[in-house]
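Trainee: Next come the chains, spelled out residue by residue.
Protein chains: 2
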Amino acid sequence: MGEISKTPKPPYYAVIFTNQRSADDDTGYAGMAERMVELATRQPGYLGMESARDEDGFGITVSYWRDEASIRAWKLEAEHLEAQRLGREKWYKNFFLRVVKVERAYEFEK
Amino acid sequence: MGEISKTPKPPYYAVIFTNQRSADDDTGYAGMAERMVELATRQPGYLGMESARDEDGFGITVSYWRDEASIRAWKLEAEHLEAQRLGREKWYKNFFLRVVKVERAYEFEK
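Heads up: the sequence lines are chains F and C, in that order. Position 83, counted from 1, in the first sequence is what the working numbering calls 83; the numbers after and before it change by one each time, with no gaps. Position 101, counted from 1, in the second sequence is what the working numbering calls 1101; the numbers after and before it change by one each time, with no gaps.
Hints listed in this document are in silico derivations from the structure and should not be mistaken for laboratory results. Note that the structure is a prediction, hence the values are computed from the model and not measured. Built from N, CA and C at the ideal position, the CB exists for glycine as well. Only true hints are included.
Which chain C residues stay away from chain F? Per the calculated CB distances, all over 12 Å, these:
1. G1031
2. R1035
3. V1037
4. L1081
What the simulated footprint calls covered on chain F by chain C, stretch by stretch (three residues with Cβ under 8 Å from a Cβ of chain C suffice, anywhere in the stretch; the number is not a length):
5. 49-57
6. 91-101
Make a model of the complete structure from these sequences and hints.
Mentor: This is the structure:
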């Protein structure tokens, strides 16, 4: 279940990961996704993560980071590298990854 | 159903709109959401939109824009202003809106 990340005041960085799941290996995917959240949370500079997937397997995950160096370090984390390899091989039909700088933010809560 | 946007080479801008739907007025919401996509598509500087919502009503919509001026103009579009008002009043329990600059992008397709 998705949840809004309580990120600090901008500026900070984010990775927008937009993807279409393939039909393959649902069990392996769920376990990997859970493990990646757990690992990311422990990375230096991690600020939060938001994720939503619709019933057709189209998903958006946005992870938030203090700076670009934190994003680079996370990209090269050993287990994450293996997950990236399996993602390209099995789990994703296609994806688009965008590294962005968050300049302004506005929150609304009822 | 969501779809990956074929955006041009960075830099460009984006709005990450993360939100939790309230239980209210599903019909009104669907019609408004459809109309907003239609309107956004016709705005100057519009580059694309990606959207996913999970079964618990947590959603992420990322819209892509040529520059900040395009985002400001879209924010002030008359029908969109009314949709924003209704969103705060009825459709969203809470949301987080982030204006970002896309600096790098990487695409994968099988």
